[in-house]
Structure formats: C-alpha cells, structure tokens
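Novice: Listed below are the residues making up each chain.
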Amino acid sequence: MDYKTILKEINEKFGLETTTVSLREDEIYLKVKPEDFKKICLSLHKLLSAPVASLFALDSRSEKGVFEIYCSFMGGKCKKWFFAVAEIPADNPKFNSLAKDIYSASLFEREIKEMFGIEPSNSPDTRRLRLHSEIWPEGFYPLRKDFIKPAGVGKTGDYVFNEVDGEGIFEIPVGPVHAGIIGPGHFRFSAAGEPIINLEIRLGFTHRGIEKLFEGKNVYDALRISECCSGDASFANSLSYSCAIEKIAGIEVSENTRMLRAVFLELERMYNHINDIGGIAVDVGFSFPAAFASIVKENILQLNEKVTSNRYLKNVNSIGAIAINWDKDKTQALRESLKKIYKDFKEIKEILLSSVSFMDRVDGTGVLKKKTAEDLGAIGLAARASGIAVDLRKDFPGIYAKADFNLIKQETGDCLARLNMRLAEFEESIKLIYWFLDRITPQAAAQSSYNIKEGFALGYVEAWRGALTYWVKINKSGIIERCKITDPSFLNWQALAFCVLGDIIPDFPLCNKSFDLSYSGNDL
Amino acid sequence: MRILKNRIVKGIVTKPLDKSFLSEELETVGAELKKTIQEKFSRSLHIREVDTGSCGACESEIISTTNPIYDIQRFGVSFVASPRHADCLLVTGPVSKNMALALKKTYDAMPEPKFVITLGNCALDGGIFKEAYYTEKGVANIIPVTFHIPGCPPKPLDIMKALLSFLKKA
Numbered sequence: 032m033d034y035k036t037i038l039k040e041i042n043e044k045f046g047l048e049t050t051t052v053s054l055r056e057d058e059i060y061l062k063v064k065p066e067d068f069k070k071i072c073l074s075l076h077k078l079l080s081a082p083v084a085s086l087f088a089l090d091s092r093s094e095k096g097v098f099e100i101y102c103s104f105m106g107g108k109c110k111k112w113f114f115a116v117a118e119i120p121a122d123n124p125k126f127n128s129l130a131k132d133i134y135s136a137s138l139f140e141r142e143i144k145e146m147f148g149i150e151p152s153n154s155p156d157t158r159r160l161r162l163h164s165e166i167w168p169e170g171f172y173p174l175r176k177d178f179i180k181p182a183g184v185g186k187t188g189d190y191v192f193n194e195v196d197g198e199g200i201f202e203i204p205v206g207p208v209h210a211g212i213i214g215p216g217h218f219r220f221s222a223a224g225e226p227i228i229n230l231e232i233r234l235g236f237t238h239r240g241i242e243k244l245f246e247g248k249n250v251y252d253a254l255r256i257s258e259c260c261s262g263d264a265s266f267a268n269s270l271s272y273s274c275a276i277e278k279i280a281g282i283e284v285s286e287n288t289r290m291l292r293a294v295f296l297e298l299e300r301m302y303n304h305i306n307d308i309g310g311i312a313v314d315v316g317f318s319f320p321a322a323f324a325s326i327v328k329e330n331i332l333q334l335n336e337k338v339t340s341n342r343y344l345k346n347v348n349s350i351g352a353i354a355i356n357w358d359k360d361k362t363q364a365l366r367e368s369l370k371k372i373y374k375d376f377k378e379i380k381e382i383l384l385s386s387v388s389f390m391d392r393v394d395g396t397g398v399l400k401k402k403t404a405e406d407l408g409a410i411g412l413a414a415r416a417s418g419i420a421v422d423l424r425k426d427f428p429g430i431y432a433k434a435d436f437n438l439i440k441q442e443t444g445d446c447l448a449r450l451n452m453r454l455a456e457f458e459e460s461i462k463l464i465y466w467f468l469d470r471i472t473p474q475a476a477a478q479s480s481y482n483i484k485e486g487f488a489l490g491y492v493e494a495w496r497g498a499l500t501y502w503v504k505i506n507k508s509g510i511i512e513r514c515k516i517t518d519p520s521f522l523n524w525q526a527l528a529f530c531v532l533g534d535i536i537p538d539f540p541l542c543n544k545s546f547d548l549s550y551s552g553n554d555l
Numbered sequence: 129m130r131i132l133k134n135r136i137v138k139g140i141v142t143k144p145l146d147k148s149f150l151s152e153e154l155e156t157v158g159a160e161l162k163k164t165i166q167e168k169f170s171r172s173l174h175i176r177e178v179d180t181g182s183c184g185a186c187e188s189e190i191i192s193t194t195n196p197i198y199d200i201q202r203f204g205v206s207f208v209a210s211p212r213h214a215d216c217l218l219v220t221g222p223v224s225k226n227m228a229l230a231l232k233k234t235y236d237a238m239p240e241p242k243f244v245i246t247l248g249n250c251a252l253d254g255g256i257f258k259e260a261y262y263t264e265k266g267v268a269n270i271i272p273v274t275f276h277i278p279g280c281p282p283k284p285l286d287i288m289k290a291l292l293s294f295l296k297k298a
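As you go down the protein sequences, you meet chains W and D in turn. Mapping of the first sequence onto my numbering: position 371 corresponds to residue 402, and the numbering continues sequentially without gaps. Mapping of the second sequence onto my numbering: position 35 corresponds to residue 163, and the numbering continues sequentially without gaps.
Hints in this document: simulated from the structure, not taken from any laboratory. Heads up, a few of these hints could be off.
Think about it this way: if two alpha-carbon atoms lie no more than 20 Å apart in a straight line, the pair counts; the simulated EDC-like pairs of lysine to aspartate or glutamate are [to be verified]:
hint, chain 1, residue 1, chain 2, residue 2
1, D, Lys258, W, Asp252
2, D, Lys283, W, Glu336
3, W, Lys180, D, Glu264
4, W, Lys108, W, Asp57
5, D, Lys258, W, Glu246
6, W, Lys180, D, Asp253
7, W, Lys77, W, Glu40
8, D, Lys283, D, Glu155
9, D, Lys258, W, Glu242
10, W, Lys337, D, Glu153
11, W, Lys278, W, Asp426
12, W, Lys248, D, Glu259
13, W, Lys440, W, Asp406
14, W, Lys125, W, Glu169
15, D, Lys233, W, Glu165
16, W, Lys176, D, Glu259
17, W, Lys186, D, Glu264
18, W, Lys243, D, Glu259
19, D, Lys265, W, Glu246
Covered stretches of chain D, going by a simulated chain W footprint (3 or more residues, C-beta under 8 Å) [what the hints assert, rightly or not]:
hint, region
20, 169-180
21, 188-194
22, 216-227
23, 251-265
24, 278-290
Quick caveat: nothing in here was measured; it's all calculated off a predicted structure. Even glycine gets a Cβ: it sits at the ideal position worked out from N, Cα and C.
All chains, full assembly: derive it from the sequences and hints.
Specialist: Written out as structure tokens, the structure reads:
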C-alpha cells in the first residue's frame, strides 16, 4: 500500500480532513484539528498496523501561541514515517488520551504531562515517569520554553505502586542501587511463593534532562551530547542525530562514508551482543563461556580503539562526515581481527547450545507473546524474538539495500529466542562488515562546518536494541529548538515487566539480561 | 567420581590467553597495585560501585577491569554487592536528583573507615551535563570525595593506573 492510498482511506473511510504540512521522501506530516487528533492516530494505527513510534509535544507559544503535539507511526510497507500533528491551545492545554485505545501511547502521554503540563484527558495513568514526585515540586515543566528551575526541591507526594492483594502475596522491592555494576532502577515484585504475579518497574533514576540540554545548542555541540545519551550505543545515537541534521540541511553524505558508518554501527552491535550472550551465561551461573565472551568483547573494544582511537566509538561520527581517516591498513586489521573473533564466537556458541543444563534454564523462560509485544509497541531485537519482523535495516534499508541483509527473527519469544537472535545477528553483522569492507575505499578524516537552515526532520537508525529515533527542529538562527529522542529501551522496558509473569524470581536476572535495556537511554 | 574422570580425560579446557592482549605495562601496574594493597589494606580492597546517572560507558569499563584480560581481582581489588562490605565507594555519573538520596544512603551504610572515588568526567562536576536542570553537578556536592579518575570513559588500564597512584599517596 503506498502512502496515497492511506491518505485517501483516512479521508474517505474515517471522514477526516487533513492538511499535509510537510513532505519528505520518507516523512509525511498530517495536520488535523485538535479534536480529530485521537481519531487520526487511531486510523493510522489501524491502517499501518503499527504501534505509536513516538508521541511528543512542542512549545510553540512564542511563535504561534499554541502547543503542538506530534504522534508518529512507522509505515514500513510504504517506506514512510507518518506524523499526526495538532495544535493545542496554550490557555487550555489538553488533548484526548490515546492510552486506552493504543497502549503504546501511554508512557509518552505521561511524559508529555510531566514535561509540558499538557493534560491527556481521561488517561488511565498519569503518574510521573522521570521527575519523581518525592523530589520535584508541582507546576515546573522543564520542556516549556519559559521554564525556570525551582529554587529548592520539594516533595509533592509518594509514588503509588500497583498492589496485588491476596493471602500469602508479598512484595520484594529491589533497587535503585543494585548488587552489580549496573544502572539504577527500582523493581517491585509481587510474588506468591516463587512465581512472580506482578512486576512494576520504576525508572527515571538516571534522568538528567538531556532533551532540554539539546535546546539552544548549535548542532555540533549537540552531537557530543547525543553520544552520552546511552554509552553502549553512542555511535547509534550520534548517527541517528546526525541523520536528522543532514536531512534538515540537505547534506548529501557520500556512499563511502555511509558504508563506514554502517561498519561502526555493526561493530557496536557486535560488542553489545557478545556482552549479553556472556551476561545470559553469567545469570544462569555458567561462568566459563561468560568469561570467554568477555574476552571477545574486550577484543572488539580493542579493535574499535585500533581503528577509531575510541573504544566506544565516541568522537567518530560528525555531521555529514566521519571524523577519522580510513586507510587500507585499517581494513586489513579489521578483517584479520574479525576472523579470529568469529572463531572464538563459534566456540562460545557451541559450548552454550550443547550444555543441557544451560538450555534447560533459557528454553521457555520469560516468554513475551507476540500479541503482548504488539500491544506494548515493543521494537527491535525483543520484538523480532517474538516473531515481529521489524528492522529498520530492512524497512528503510539505505546503504543496507544492496548488502544482502537478512532479517533475523524467532517465533517463541523466550530467553532462548533472544539468545538465538543475538547469536544469529552477531554472525550477520560479521557478514555485513565483510561486505562493506570489500567496497570501502580509503578516505581522509573530515571535519565539516555546515550552516544549518531552519527546519525539522526525523533521524532514525537500527541500533542494536532496536529503532532509535531523533526528531530535531532547528530555528532560524541554526540553533536546536527541540530534540525528541526515542530510545528503544523506552518501549521495551514494559515488555520485560510482562514477560516475567508466572516465572520464578530467580529467573528474573536472566530475563532482564536477555533484554539488556538501557537505563540512561530510557531516563535521558 | 564422574567429575574427576571428566577432568582427567578432558584436561584443561580453558585456553591460554592470547599474549597480544596482555601488555607488560598491565603486569607492572598490577604487581605494584597488589603490593600497595597488601601494605595499606592488609590484602584486599573492596569496592562498591554506584551509578548516579552516567551513560553506562563507565560501568562497562569498570566491568572490563574484571574480565580475564585485566583481571583486577588477582591484584587484590574486588567489587562487592553491598556497601556494608566495602572499603571504598566508586561513583559514576553527575548525580541525578533522583539518585541523590540513594547515594547518600549507600554512603551512610558503609562501615568506617571509608572513602569515595569518583570515576568519569561527569562525576567530577557534571561534565557534559553540567547545565542540565536535573543534576547535582557532581558527586562532591552530596558526599565527601577523596579522589577522581578522569576520562569519558577512562580505559581499564587507566583506571588501574589512577587507582595505583592514589593508593600510593594515601
């Protein structure tokens, strides 16, 4: 179905009047009256059979005297991102909540409420996500343009956890400080004996206010911030961000640079996947392959350093360019190291999959059903493990189009499926890197300095956890007006809370590691 | 009996490490670190790590120091699960307002004598997040800090070197 058919359907079947405000090759913005906003979101949701990809607001009171609200959906089949846009009056900031009809909208609505003070009417849940009520006073909305930092902190209430009643039911609170070397988050288990009846995950402990930090920055300074959104996906973040800027400024990126970027993106995927494969082994107490995997991870990090001078690929990407030089030696070094890494990887894979007690722990544990994943709007690796074929490398292939990329998916949605996903994607990444290396030619390091025009665009990339999008708006003076980051972890944390139900508490670390979601990317 | 048989038949399954990953520097730093810890902490230094809003790269590097290549445990440094077992608190991140209380409580739960080391640029003064509305601009504003390890993130060997230089002086 191409996008014109969808527009026609919206007009005819749903009787909605829309104005197309902006059109790019891969983005379309449909503006509606505020009272129709819910309707158009529901119709897009239905027609594209896609969850809400992102839902965010914009403070345009100084220009237009209104708040704007955007809801985006991915149309994989017609290769377009659809944005429903509505203006919300500044004196009565309210919109009809989508959460009861589209669950995947609910977290975004809570975010809009706490950040902008825009009320989603009839919303089932309006608790704060990141500005914890124990700390942050009422009436301070950080993403409003006239926001002034509150002088002190003040308690405005307690967070109310969902309680499970019944005989013999008890709660186990865990966190925010965990036993391992890991980010902070609070997990509240309700259990009856061993099985978990309910899990509520409360995050926001690493909230720093990154989206606000982007505002007022020039595009080059902001690039550095994007690399610190989630440290284990710093290249994906910088790439997604710079894609948005490149679209706004109309910068053509050379094919060679795009291929190099793809190589770095796959390297990032590889070190994280092997880290998680080892992590899954740790959490079932199988320490030998875990130690082995951590050696492979270290190998990849050292390889990163060898070719880019940074283990986490920071300071590598630039706007429209790559900030490091590339020569034949690097191609050669990469090839040789990958060969060795692949050999080790195969050994780890064999050790894991041939261990009966290991397989017994992961097989059938932490099942995320396909229907649940769809309703929650789960994306990326976690969704693919449950049989949902979404991967931006397939849906919006770009440089991957020619590279013979195979979308990998599993059907069962358990820990084993997510492990198999990682094993298969690791191999696929090696294959892709080889393919790109065959075609990459040496190039010198480039430092760009573009004058950026006014405009807005969506940057997106398939990070190792899933689709990572940056919606950026630049004002007349070339300064960032708004930057909305949608990290794959934001939607997938919910999936974790559902997949552990009915499993025993000792399996929780295993399930958690099989997702390995980002705290800092979620909390921003 | 079966395990024993298995061990004899299979021999050593762990493979020797590729020497190219081990640098001489690592061994000398490590040996000195071990000696210093022997002297000053009578055998071992126990560290509890707390993330107060870092991007996660610092955590990844701290974990890297414990992998078989660096293997910081063999020099007498171990990471513990509870502040009650710790001599030292290792803190990363600019301190999100949500973590300020948790950090304070973690520090209070540690037995005396204790000290705090910060790791990563944002833990010093907020770093790249200095202007953000929701940070406390560094760990020192919440609990007393004795030493700082700079970097974004510092590499595993740099962490070990910094730790050594600090412990020598302490």
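Novice: So which of those numbered hints doesn't the model satisfy?
Specialist: none
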